[in-house]
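There are 4 protein chains.
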Amino acid sequence: MSDSVNDPRVGNWWRTSVIDMKPGEIRYRGYPIEELIGNVSFAQMIWLMTRGELPSEGQGRLLDAALMSAVDHGPQAPSIAIARMAATCGVGLNNAMASAVNVLGDVHGGAGEQAVEMYTAIAARMDAGAALADAVREGLDEAIANHGKFVSGFGHRFHPVDPRAPRLLELVDQAAREGHVAGRFATIARAVEDELAARKGGRRIPMNIDGATAVVYAELGFPAPLARGLFCLSRSVGILAHAWEQSGQGGRNKGPMPREYLWAYDGPPQRAVPTQPSPALRSRAASEAQR
Amino acid sequence: MSDSVNDPRVGNWWRTSVIDMKPGEIRYRGYPIEELIGNVSFAQMIWLMTRGELPSEGQGRLLDAALMSAVDHGPQAPSIAIARMAATCGVGLNNAMASAVNVLGDVHGGAGEQAVEMYTAIAARMDAGAALADAVREGLDEAIANHGKFVSGFGHRFHPVDPRAPRLLELVDQAAREGHVAGRFATIARAVEDELAARKGGRRIPMNIDGATAVVYAELGFPAPLARGLFCLSRSVGILAHAWEQSGQGGRNKGPMPREYLWAYDGPPQRAVPTQPSPALRSRAASEAQR
Amino acid sequence: MSDSVNDPRVGNWWRTSVIDMKPGEIRYRGYPIEELIGNVSFAQMIWLMTRGELPSEGQGRLLDAALMSAVDHGPQAPSIAIARMAATCGVGLNNAMASAVNVLGDVHGGAGEQAVEMYTAIAARMDAGAALADAVREGLDEAIANHGKFVSGFGHRFHPVDPRAPRLLELVDQAAREGHVAGRFATIARAVEDELAARKGGRRIPMNIDGATAVVYAELGFPAPLARGLFCLSRSVGILAHAWEQSGQGGRNKGPMPREYLWAYDGPPQRAVPTQPSPALRSRAASEAQR
Amino acid sequence: MSDSVNDPRVGNWWRTSVIDMKPGEIRYRGYPIEELIGNVSFAQMIWLMTRGELPSEGQGRLLDAALMSAVDHGPQAPSIAIARMAATCGVGLNNAMASAVNVLGDVHGGAGEQAVEMYTAIAARMDAGAALADAVREGLDEAIANHGKFVSGFGHRFHPVDPRAPRLLELVDQAAREGHVAGRFATIARAVEDELAARKGGRRIPMNIDGATAVVYAELGFPAPLARGLFCLSRSVGILAHAWEQSGQGGRNKGPMPREYLWAYDGPPQRAVPTQPSPALRSRAASEAQR
Chain A
1 MSDSVNDPRV
11 GNWWRTSVID
21 MKPGEIRYRG
31 YPIEELIGNV
41 SFAQMIWLMT
51 RGELPSEGQG
61 RLLDAALMSA
71 VDHGPQAPSI
81 AIARMAATCG
91 VGLNNAMASA
101 VNVLGDVHGG
111 AGEQAVEMYT
121 AIAARMDAGA
131 ALADAVREGL
141 DEAIANHGKF
151 VSGFGHRFHP
161 VDPRAPRLLE
171 LVDQAAREGH
181 VAGRFATIAR
191 AVEDELAARK
201 GGRRIPMNID
211 GATAVVYAEL
221 GFPAPLARGL
231 FCLSRSVGIL
241 AHAWEQSGQG
251 GRNKGPMPRE
261 YLWAYDGPPQ
271 RAVPTQPSPA
281 LRSRAASEAQ
291 R
Chain B
1 MSDSVNDPRV
11 GNWWRTSVID
21 MKPGEIRYRG
31 YPIEELIGNV
41 SFAQMIWLMT
51 RGELPSEGQG
61 RLLDAALMSA
71 VDHGPQAPSI
81 AIARMAATCG
91 VGLNNAMASA
101 VNVLGDVHGG
111 AGEQAVEMYT
121 AIAARMDAGA
131 ALADAVREGL
141 DEAIANHGKF
151 VSGFGHRFHP
161 VDPRAPRLLE
171 LVDQAAREGH
181 VAGRFATIAR
191 AVEDELAARK
201 GGRRIPMNID
211 GATAVVYAEL
221 GFPAPLARGL
231 FCLSRSVGIL
241 AHAWEQSGQG
251 GRNKGPMPRE
261 YLWAYDGPPQ
271 RAVPTQPSPA
281 LRSRAASEAQ
291 R
Chain C
1 MSDSVNDPRV
11 GNWWRTSVID
21 MKPGEIRYRG
31 YPIEELIGNV
41 SFAQMIWLMT
51 RGELPSEGQG
61 RLLDAALMSA
71 VDHGPQAPSI
81 AIARMAATCG
91 VGLNNAMASA
101 VNVLGDVHGG
111 AGEQAVEMYT
121 AIAARMDAGA
131 ALADAVREGL
141 DEAIANHGKF
151 VSGFGHRFHP
161 VDPRAPRLLE
171 LVDQAAREGH
181 VAGRFATIAR
191 AVEDELAARK
201 GGRRIPMNID
211 GATAVVYAEL
221 GFPAPLARGL
231 FCLSRSVGIL
241 AHAWEQSGQG
251 GRNKGPMPRE
261 YLWAYDGPPQ
271 RAVPTQPSPA
281 LRSRAASEAQ
291 R
Chain D
1 MSDSVNDPRV
11 GNWWRTSVID
21 MKPGEIRYRG
31 YPIEELIGNV
41 SFAQMIWLMT
51 RGELPSEGQG
61 RLLDAALMSA
71 VDHGPQAPSI
81 AIARMAATCG
91 VGLNNAMASA
101 VNVLGDVHGG
111 AGEQAVEMYT
121 AIAARMDAGA
131 ALADAVREGL
141 DEAIANHGKF
151 VSGFGHRFHP
161 VDPRAPRLLE
171 LVDQAAREGH
181 VAGRFATIAR
191 AVEDELAARK
201 GGRRIPMNID
211 GATAVVYAEL
221 GFPAPLARGL
231 FCLSRSVGIL
241 AHAWEQSGQG
251 GRNKGPMPRE
261 YLWAYDGPPQ
271 RAVPTQPSPA
281 LRSRAASEAQ
291 R
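Residue numbers (our numbering), protein chains in the order written: chain A, 1 to 291; chain B, 1 to 291; chain C, 1 to 291; chain D, 1 to 291.
Just so you know, not all the hints are guaranteed correct.
Remember, identical chains collapse to one label, so a pair may be satisfied in a single copy or spanning two.
[Unchecked claim] Below 30 Å or equal to it, Euclidean Cα-Cα: the simulated DSS-like pairs (lysine-lysine) are:
(1) K22 - K149
(2) K200 - K22
(3) K149 - K200
For the record, the hints were derived by calculation from the structure and aren't laboratory data.
Construct the complete structure from the given sequences, taking the supplied hints into account.
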């Protein structure tokens, strides 16, 4: 904070290139806020904040499409179920959103990040001279070694074809034709799809929403961890919508199943709390007696 | 889930009008996802998900502006500081975002909601026949009675004039001229500002970002609690940007101050753990002795 | 931090009477940690940290019993379900615990706090001269006015009699006989139970776990909000146990219901995204045409 | 839930051996709650819930000591600072606790878990025939390879000797003499300390709180991930105490530093939002012109 603070102990411990302020002035990455408002979309602002520079309009539009396409996949997803349950517990919308976004971890929110990693690792092999098919084969092997046989970004437990993926890929193709992106990662992702099908004797395991948004994010130059961050922003919308809807439906302490159904218990049958000293207690009593 | 599930015990316990699915099909509020992608912006999707219908383009643009204008106010805000600290603790970006969004409570994230409440309460008084000035006076009194003398949405501890507010109000005025919104809440908010100045002997306490986004949200018909929800979506962007920047800076277990500085302790001086029975223990021993 | 920091800007902004340190020394409320370890139980330490002084042994034992009695009420409780679902999403145990503890809000975690409030309000009426029966009647009316007809701490949706409550009350009675507590709040709570029964024509609505732990906490002098804090500590145990068990069972992205069941959708039927301008857009075009 | 639910779709999806219920009955791991209350301490209950069986009294006492010794290390720790900041944001104690516990990740909360891993890996080498010194050398190398040169559980940035560690080790030694534990992991941990000193030319890097609680947890047979879970329970106490104290001190939106100090900004100087098309936009216009 240039002028107002000269105490290096306080100021430098909190150092950022994201935002600068003086009384009456706010600048993000150098741009005054009053010039950004009305000229830059929410998606473009997300880009500016995370990347440091403004995107072109075409890049911003593609980011926008990826963000809007992953907002929700229904209450069977733990994040959405948690948001709805939280909304019945007497906490604020911010708290319901937090409990839900929090579970977008490696398994529930990390597929896009892992797909960007795989795509960029394949691209790096190509940069080092490998042919597309070879790079894909090796990159796929590496992804399977790291994350298991379910390849992040491909296949879906519910949808034979995830309707979001082909539509997003169309937009990437269009953006490539218009010169906004190179189209390289769309090529790589399709080659991964082909390689997977070849390995399954022709049965296709189509790209899903995570594989498709990962193409967008990789085309746009986002580092892999930000793919998870962007997914969190996107899914927060569905989380909010469901928490809000649930709070209108009412209900108190809503659990996973209706009240008349309970869980299956498979532990020990009823037993009494031991009143005789356990072996360890006896050995202790013995050792004390010896002293 | 129309066809696939007919078990009322499971299905109806989880009931929603936000999203419907069949294998290969996803619809939000009735709209197939593949038709939404590329035709609807992230901000318009936020509207659809929370409101149930699509906004007009002009309404969507205004919502977009409000969302992009409140993303960040620097690491002195607890939400941003928490995001940065969390990023040094060995958790994922999703977790850092959750810990931070979680604190956007009544005090840190509720001003917009409270301002929408005040504006709509004033509008309701006008609908019931009150003149603007009277409705504002009474609405302001009510807000102060409910939330204290700092009127949510007005005044700023750092900015003499919050540069985001006048720019947002310009956009509202423009949208009113173009017929996208009625402009009623802009009028009300400005009348609140005037009334506050009159009460302070002419010293103006200008609208801040919360008061201005509240005008936008009220103009667009969002219920007050969603103003907080939308703020959470907006601020999540700054939270992500700062968590990401901090993770690039490195650091481990970053606390509020550099390691060489500690806190001020104002409790009891050093003392020994009592070995003599405390009064309560003595009374117990006594009562046991009596038995 | 007496010696090491004399910078009032840093030190006083972070001021505490809970803990003091020097290199090689840690004191809680003045007591050196090495003297506390081995001499003070976990429950006594919880008391010291939140209250500032050590409890007597009898007080510590009673607190211990309240803490251990509320650890879990099964996966139908949203907090426990959330912990289990989170454990399948690829996040750490700390994150699963956080998402779950977070929902112990006014409805899911606030009953104990509200019961302490009611008991202490009744006691205050008695201190001001009211007879027990009158104080109970008025205190009950007030609680119902504040929180609705379900009186916090009494009645249970599943248990005709909550088996935890009478056992805890026995311990309170015993502690009162032994002089550790006064027994006043046990009397008040039983009078509330009687008054409730009288209002229901004799049908008893027995004290539940929250009503009983609230008796303990009130007897021990804990302010009402700490009753919620203590419940969070207690329930964290069940949350941890279930998250841990679930992580051993495996599963990925476990939602509220098995994968073959979906939710009930009650929103609009399938519809097309409008390509014609919406009314608002038309009015905008019209207003632009007029200019 | 034996009798009450026979629907395998609902019941088995939620399966547990932790808790069983019928109306009026609650059993943890088979023990009726009314028999546990008053006979089992909070620490013993934590053991029962996470391990499935009751500990002996001596084992329970040792667990109790480890839990009470790690509750707090002051507001410079991010978890404590977050709790205090959250308490000023208008959220509940449960929410403040959640935001704070959430950051006890690999770096801030994982040292105990990593130390248990190292100790048990060393023990496994000994079980396979290695001598203590060899097993320690190899186990240490492995830990450094996995987690970096700062060996989890040893050394402290603030305390030359962490006063909690030697006192906890005394208790382990005593428990070993009394037959409650074997003492094997105390031996291993001390050998690690010696090996570290040998590698540093004699300069000792003493065991810290995480290394010492890890000895306790390993002696007591807790799997490594539960070491983090237990630490979360323990630190939750300090988190609650600080959140509660802060809420008594008041303050609104308390950030890391006083309001008159800001952060250091090191991003681009002020600049204007570009009105000319960016390169990408130009290329798009060009490609559109060509069509």
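Exercise. When no copy is specified for K149 and K200, does a C-alpha distance of 30 Å or less occur within a copy, between copies, both, or neither?
Worked result: within (12 Å within a copy, 44 Å between copies)
For this session: With 30 Å as the alpha-carbon cut-off, assign the pair K200 and K22 to within, between, both or neither.
Result: Only across copies: K200 and K22 sit 25 Å apart there, 60 Å inside one copy, limit 30 Å.
For this session: State whether the alpha carbon distance between K22 and K149 is at most 30 Å within one copy, between copies, both, or neither.
Result: between (53 Å within a copy, 26 Å between copies)
Going through the hint list in order, the structure satisfies each hint without exception.
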